[in-house]
Amino acid sequence: MTLSKNPLFTRHEAAAFAVLAFVIFLLLPAALDNFRLNLFGKYLTYAFVAVGLALCWGAGGILSLGQGVFFGLGGYCMAMFLKLEASTPENTSIQSTPGIPDFMDWNQLTELPLWWTPFYSLTFALIAVVIVPVIFAFIIGVAMFRRRVGGVYFAIITQAFAAILTILIIGQQGFTGGVNGITDLRTLKGWDIRTDEAKEVLYYVNGALLFVVLFIAHFVRKSKLGRILIAMRDQEDRVRFSGYDVASFKIFIFCLGAAFAGIGGAMFTLQVGFMSPTLVGIVPSIEMVIFCAVGGRLSIIGAVYGALLVNWAKTSFSESFPELWLFGLGGLFIAVVMLFPNGLAGVWTEKVLPQLTGLWKSRKSQPQKEEALQ
Amino acid sequence: MLNVQSLSAAYGASEVLHGVDINVPAGEIVAIMGRNGMGKTTLMKTLMGIIPEKSGAVDVDGTPITGLKSHQRVAKGVAYVPQGRMIFSAMTVQENVETGLTVTGQSKVPDDIYELFPVLLDMKGRRGGNLSGGQQQQLAIARALASNPKVLLLDEPTEGIQPSIIREMARTLRKIRDQKGLTIVVSEQVLSFALDVADRVMVIENGSFVHDSPRDGIDEAKVSKFLSV
Amino acid sequence: QDYPTAEVNVTGLAVTDTTVTVGILHSVTGTMAISETGSVQAEKLAIAQINEMGGVLGRQIEVIQEDGASDWPTFAEKARKLLVSDKVPAVMGCWTSASRKAVLPVFEQNNGFLYYPTFYEGLEQSPNVIYTGQEATQQIIAGLDWVKETKGANSFYLLGSDYIWPRTSNKIARTHIEQFLGGEVVGEDYYPLGHTQFNSVINKIRLRRPDVIYAIVVGGSNVAFYKQLKAAGINMTEEDPILLTISVTEDEILGIGGENMEGAYACMKYFQSLDNPNNIAFVEAFKEMWGEDIVIGDVTQAAYLGPWLWKAAVEKAGSFDVDKVREAQVGIELDTAPEGYVKVHENHHLWSKTRVGLAKADGQYEVVFETAELVEPNPFPEGYQ
Amino acid sequence: MSLQERYMLKVEGLTVSFDGFKAVDDLSFYVEPNECRVIIGPNGAGKTTVLDLICGRTRATDGSVKFKDHELLKMREDQIVHAGVGRKFQTPSVYEDLTVFENLEISYPSGYSVFGALAFVRSPNVQHRIAEIAETIFLEDLLDEKAAFLSHGQKQWLEIGMLLIQDPELLMLDEPVAGMSVAERKKTAELLNRIIQDRSVIVIEHDMGFVADIATRVNVLHQGKMLSEGSMAHVQADPKVIEVYLGH
Amino acid sequence: MFSDYSMSELGAIFAMQGFAGLILFSVFVLMALGLAIIFGQMGVINMAHGEFMILGAYVTYFTSIFFADYMPALFGTYFFVAMILAFIASGTLGLLVEWSIIRHLYKRPLDTLLATWGLSLILQQLYRTAFGAREVGVTIPSWMMGSMPVTDMIEVPINGIFVMVLAVGISMAVYIMMFRSNWGKQVRAINQNRVMAGAVGINTEWTDRLTFGIGCGVAGVAGSAFTMIGSTGPTAGQLYIVDTFLVVVFGGAGSILGTIASAFSISQAQSIMEFFLSGSMAKVLTLLVVVGILMVRPQGLFSLKLRK
Ligand SMILES: Nc1ncnc2c1ncn2[C@@H]1O[C@H](COP(=O)(O)OP(=O)(O)OP(=O)(O)O)[C@@H](O)[C@H]1O
Ligand SMILES: Nc1ncnc2c1ncn2[C@@H]1O[C@H](COP(=O)(O)OP(=O)(O)OP(=O)(O)O)[C@@H](O)[C@H]1O
Ligand SMILES: [Mg+2]
Ligand SMILES: [Mg+2]
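Chains as they are written, first to last, in this note's numbering: chain A, 1 to 374; chain B, 375 to 603; chain C, 604 to 988; chain D, 989 to 1236; chain E, 1237 to 1544.
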């Protein structure tokens, strides 16, 4: 019997990880100039969110249209630290109150708000990058999942949260930098993050972190919890009557997704050099779901490729056809949804892999999902 | 009335019905028996146009319905009570029955339908999804009858029904047949009901018919053996 | 050749013996495309005209246009591309402050040179940016003084979209009203960008009865605001109250509808109706290139100045090198500007006149006031912060 | 034997009403250990609703349900399961995307908490237990098959197996043989008789032959109230039961 | 926050704001009705709803131009023609979209979200390419502008009344269509079980297509009406999408009455709060309250209680 075998990595999975590592750490750096590599670094930061969504949505069936909230929170935590470091009294000597971030000075703040001060500490900021999104996710999760809000309702409500946070950030510009966001970030503990070398280093850090996140995600997927998630997605009631507190599992996975998104946001801030409310709102949140869908919502590795592919398509379409690129992008989304419902991962496992391995045993026909759902 | 010729059907690549022939004259009740997974539901769904025919032909009252969409088949006089009821759960009982009127153009449910199933009249305003399993089954039959069919397909209609109603149902189906000259095809696993209701019993096994006999003079032991391997 | 490539381009910019490539970076998609289209058109017109006159240092200007897609990270990405991959010596671009803030570090770090056309809140001065629009004090103060002097206005209701430019501008306005004009601010309100329901604020205005509604609503909200104002029976042609705005150019009127804007006053440096030979030629050329129906607003004109200012600086420096151009840029005067005569201040903003226009039903402004002198740009206004 | 120990389950005064309609009306009954109690009754009598109330799926309007010393009406679904009550639904609900093995594994009674589930390992113990259960439910050869490929009857068994692996003291089955073939019914009756040995079972069924095979006692429910109670023979002879349920 | 005002002022404020809220209510209802059909009754998450509205707005714009150029005498009435044309245009586009995209996705409702998002990008670019990136100004017939004084404090905008009447009319039509006609019954049956609906004789393909078309048509009419109060540009549709979904979800997706009740409560809350707080804070608070209530009633205000 094969039952006892539940290795953390099957051959296929190990190969997929290896190929991704090859692509991220060898292929892309070899093939791209510094500018393009930095762009891919930015795309990778979105991949963190997409991986989280593959867990929440693909495995757990929880579609969040508010992942931008967590991405933004993580990003803002990082940006606050960097901004404080950049706002030394010397750098800001022309301000009426030197030593505070420039946008505060423009908004007549004469003193750093209390809740900003812990962000002088890098350690605190790094912890906050993960913890703040998790706390938010936890609150939303408890409120929603305990009340058994799910499906489309949950999606729309998370969308509302994205709207709320955007309005708040924009409205409280004295504390948050408003529409402009927190810009002009310079150094991380004295290390200039704007140089080409720094961008390259950050790219690798980004890749490495992504792998950490992927390993965590993979472990979760492979654990009993991963199977419970899938079970929950299909038969929530059965899981409940098997003795599981369904809400706590949903909360956990939602928080984990939020933590991933937060890390992605922080890396975005470092890689791009600023953080702004446009990364928080509804549009980026939906786009993140699309990255995940294009990659194949069930596959965490697929999610990474999805994020890379869609963003790369966006960049190159818009460079080649600045006036028409939206047709291409919109068409891409529709085509993926209609032709490849399981995204890139689906194409890989259903079309390419069988061809490659030549091991196409004629399997029993897949049961067609019963159409007549009540 | 219902004429099926070498009908085959498949889910994806796997063929489940292998060229079956059925010929049911008007006013006859045929019971199709078979164990789980032998293809009863598949046959019904194929007749209803829910699963496409792979090959073969189906006629109702002389008009071919092969290849037609479900609703077109209903218009040609086929009605269907699916296994698992599939009533419209958010709609009231009355609305459920009324959906059956779509092809008839009527807007009022004929009284005789409620006469057959008085519970439904009591629960007219209740949501279909809130009914008990057995009540839903009755609703599904009423809904099918509302389209005033020539051929009625029932897929294991006794599943989850209380004994007295099962017995009643056999009587009712025969009554409807007599009143309206309906042709009925009913799939079943329970021999006693089949013998109660049907004029003819056919046994399906792995997608082909292996036995076909009028009720009178049926070899019960043989059929039982088919059913309990 | 007068200017050998080896001499005019020592920093490896996109300059050949016959061409020089500059960047245009605006949103042609997304919500900001509505506003930025005019800027792109003006910049392309200016470049075409310069090329016709023989180009810059004998080189034809070529353009690489990138779409910022109304998304600030995209702006940063594209700016980086233009500077790092395309090596352009100058970029004409950006509209919103947020997009400028996003690209600013990119320009500073890669030593690029940006011509930024929009009137904006100020509080910024970068060695790598030339601000061809007005900063807030330049635009606001003259208008407030005018409404106080000629209309005797005393009480003001400040209103804006909720982001930095309206908020900063209103802060300056409030300070000026309260401390220099001895007037009173009876209300101040902000609505999220894209808000389309203004009946509540209109009710408030009715209740407080200000002499002046000072409105800095932007984008699609504008249309909703003015239509609802009119529908609510506030008739701007009767000047009861007066409506003064700094955010509605002729471009915006196109969407709002002239009949809805009629009677409002706008305060900025340029109106399409300016009556001077420079402007008449400019308007004519613009329409010839982009169609008879087109209108030209303040920002569009400011965007038009970008390529010309750059050309003048390059020629003065005799080089495309950014450091040399920067040095040469300060003090450059342009007496062919449609708005009249402008001059680059050492703080990289322009000296310019400020004007008040009265909106007509045909969608044009009639200039009713013009400062006598060029107003000095003052991006870090003492006493207003 | 104290009363406490004598009854595994005490249902008293149980009532639920939906918008004024009393689906279960002041119902009381008691289940002893190691008993197979069958509840029969007309369609719509409230049988499923009673099970829903006991396992926490529907909230009662009034009454009490005592399982050993737990008041179930105050507990959440998963807590009720932990207390030792297992429930099978009327239509088979198994996880179609998972294998038979995984279906059983998910139901294995450890790793209930989030972190417990993360730390859960497939120890030999677990595997052994799963194999054991699989044998009981006639699925030992299908452990690596996806549940979606099982037949209707096999799914029903699998769901019973998922309950058995938790070793509940009270097992509730709603129409376990509906849709099963004759042979499968026989096997299921056998299965039930085997598993009753060390627990109490409540079964709802309409198949009288099957009921006769398994029942120790029968309750007849009608319009939310208890109509009759006793042995199979007693109930079958009760004219009221014949009138509303069995038919003449 | 009340202390700044006298008692009589407060009275007038609540009356005025109540009326402003009514206008907002009508706006919400108009926005939401099309979606209540498409999302509430068909289960399609149509993220391109705003773009269908904007198509109606563009149609209105071109109709006004046509009238101004060719029949200036009848200009006062062009709006009625425009609304019909808007219905037809958006409805036809809806039929086309249903045929080409949506019908393949009924089994995967969440995927409709992604596909229609792609569609909305395409439509935006289409409008931009066809009609230009700038906003267009729609001239409103003069009889629709201006207001009727009620007291010296309170004036009632005529276009507000127009929008209200329209909202009431269309709600009634939609209500009758969905809940008082066989058509509605069929639509709901399909939503609950598409296969079975076919097997009771409902022409599901045709019903789906037409329903989607009607939903889009209603969106077009809403867009047409909105030219009176909002802007018409390629991206203006995006402004509406969050509010619209929230109204429908808050009301309880399957219920038209719920949609109306939810539009009413959200609009009144927002309108009153806007007076005393800044517009941004009012919006945030309203959204939070809605989310809070949704936690208590996860299926919306008007939801069916069904056993699982
Ligand atoms: N959706 C599906 N996809 C793939 N195979 C299917 C599907 N539905 C049924 N089958 C297979 O087709 C065969 C016939 O199934 P069918 O449902 O017609 O049997 P049945 O006689 O109705 O059984 P039951 O008595 O259990 O209802 C079975 O082997 C089953 O596994
Ligand atoms: N949520 C609800 N709202 C309204 N009525 C309900 C609800 N749930 C159950 N009912 C009603 O309560 C009664 C009992 O239903 P229940 O499902 O318990 O019957 P049952 O005894 O299991 O019947 P069957 O043998 O047909 O399965 C039925 O009349 C049903 O219509
Ligand atoms: Mg079957
Ligand atoms: Mg039941």
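These aren't lab readings, by the way, just hints derived from the structure by calculation.
Note that the structure is a prediction, hence the values are computed from the model and not measured.
Do not take every clue at face value.
As the list claims (entries may be wrong) - Anything over 12 angstroms on all C-beta distances counts as not near chain B; from chain D, calculated:
| no. | residue |
| --- | --- |
| 1 | D1007 |
| 2 | S1016 |
| 3 | T1037 |
| 4 | A1071 |
| 5 | Y1100 |
| 6 | A1119 |
| 7 | Q1144 |
| 8 | G1167 |
| 9 | M1168 |
| 10 | V1170 |
| 11 | R1173 |
| 12 | Q1185 |
| 13 | D1186 |
| 14 | R1187 |
| 15 | E1231 |
Stated by the list, open to error - With a Cα cut of at most 25 angstroms, we get these calculated BS3-like pairs of lysine-lysine:
| no. | chain 1 | residue 1 | chain 2 | residue 2 |
| --- | --- | --- | --- | --- |
| 16 | D | K1174 | A | K222 |
| 17 | D | K1134 | B | K599 |
| 18 | D | K1213 | E | K1343 |
| 19 | E | K1343 | B | K498 |
What the hints assert, rightly or not - If you anchor each label on the Cβ, the simulated ranges turn out as follows:
| no. | chain 1 | residue 1 | chain 2 | residue 2 | range |
| --- | --- | --- | --- | --- | --- |
| 20 | A | A208 | C | K946 | 33 to 41 angstroms |
| 21 | E | V1404 | C | S758 | 54 to 62 angstroms |
| 22 | A | F138 | B | G479 | 55 to 63 angstroms |
For glycine and all other residues, C-beta sits at the position ideal for the given N, C-alpha and C.
Do the hints match the structure? See the list:
The claim that D:D1007 is not at the interface with chain B is violated, since a C-beta of that chain comes within 12 angstroms of its own (minimum 9 angstroms). For D:S1016, the non-interface assignment is confirmed: its Cβ lies about 21 angstroms from the closest Cβ of chain B, beyond the 12 angstroms cut-off. The non-interface label for D:T1037 is inconsistent with chain B: the shortest C-beta to C-beta separation is roughly 8 angstroms, within 12 angstroms. Every CB of chain B lies more than 12 angstroms from the CB of D:A1071, the least distance being 27 angstroms, so the non-interface label holds.
A cut-off of 12 angstroms between C-beta atoms confirms that D:Y1100 is not in contact with chain B; the least separation is 31 angstroms. Every CB of chain B lies more than 12 angstroms from the CB of D:A1119, the least distance being 25 angstroms, so the non-interface label holds. Its beta-carbon lying about 10 angstroms from the closest one in chain B, D:Q1144 breaks the requirement of being farther than 12 angstroms from that chain. Residue placement check: D:G1167 does not keep its beta carbon more than 12 angstroms from all beta carbons of chain B (closest about 5 angstroms).
Against the 12 angstroms criterion, D:M1168 falls within the reach of chain B, whose nearest CB is about 7 angstroms from its own CB. At roughly 4 angstroms, the least C-beta separation between D:V1170 and chain B is not larger than 12 angstroms, which violates its mark as non-interface. Residue-level check failed: D:R1173 sits 9 angstroms from the nearest beta carbon of chain B, not beyond 12 angstroms. Against chain B, the non-interface label of D:Q1185 holds: every CB pair exceeds 12 angstroms, the least being about 26 angstroms.
Every C-beta of chain B lies more than 12 angstroms from that of D:D1186, the closest at about 29 angstroms, which supports listing it as non-interface. Distance check for D:R1187 against chain B: the nearest CB is about 25 angstroms away, which clears 12 angstroms, and the non-interface claim stands. A cut-off of 12 angstroms between C-beta atoms contradicts the statement that D:E1231 is not in contact with chain B; the least separation is 8 angstroms. Between D:K1174 and A:K222 the CA atoms are separated by roughly 38 angstroms; this puts the pair beyond 25 angstroms, and the hint is violated.
Proposed proximity of D:K1134 and B:K599 is contradicted: the alpha carbons are some 30 angstroms apart, above 25 angstroms. As the CA atoms of D:K1213 and E:K1343 are separated by approximately 42 angstroms, the hinted pair breaks the 25 angstroms bound. Between the alpha carbons of E:K1343 and B:K498 the distance comes to roughly 30 angstroms, so the proposed pair goes past 25 angstroms and is violated. Range check, A:A208 to C:K946: about 53 angstroms between beta-carbon atoms, so the 33 to 41 angstroms window is missed.
At roughly 39 angstroms, the beta-carbon separation of E:V1404 and C:S758 lies outside the given 54 to 62 angstroms, and the hint is violated. The hinted range of 55 to 63 angstroms is satisfied by A:F138 and B:G479, whose Cβ atoms lie roughly 57 angstroms apart.
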